[in-house]
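**Student:** Sequence:
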Amino acid sequence: MAHPKRKISKTRRDKRRTHYKLEAPGMAKCPTTGEMHLPHRAFWLDGKLYYKGQVIIEKEIRA
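With numbering that gives the first Met the number 0, letter number 28 in the sequence shown gets 27, and the count goes up by one each step, no holes.
It is worth saying that the hints were derived from the structure and are not from the lab.
Derived Cβ-Cβ restraints for the label pairs, each shown as a range:
id	residue 1	residue 2	range
1	Glu57	Lys20	37 to 45 Å
2	Pro30	Ala1	51 to 59 Å
3	Ile7	Cys29	43 to 51 Å
Cβ atoms here follow ideal geometry from the backbone N, Cα and C, with glycine treated the same way.
Using the sequences and the hints given, assemble the complete structure.
**Tutor:** Below, the structure is given as structure tokens:
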């Protein structure tokens, strides 16, 4: 088995990992409501569930 000849310092280890970054998720705009949402996912707006610009579920709002 391979063994490291010298200990790698924390600074050197962290330099190698600098390129692992989070990216902002891509957003899509609903053609019906104009609301921004994650692509290929349903989203709620004003008690209605939208997917691909169509209302899928209408939730009753209780007062």
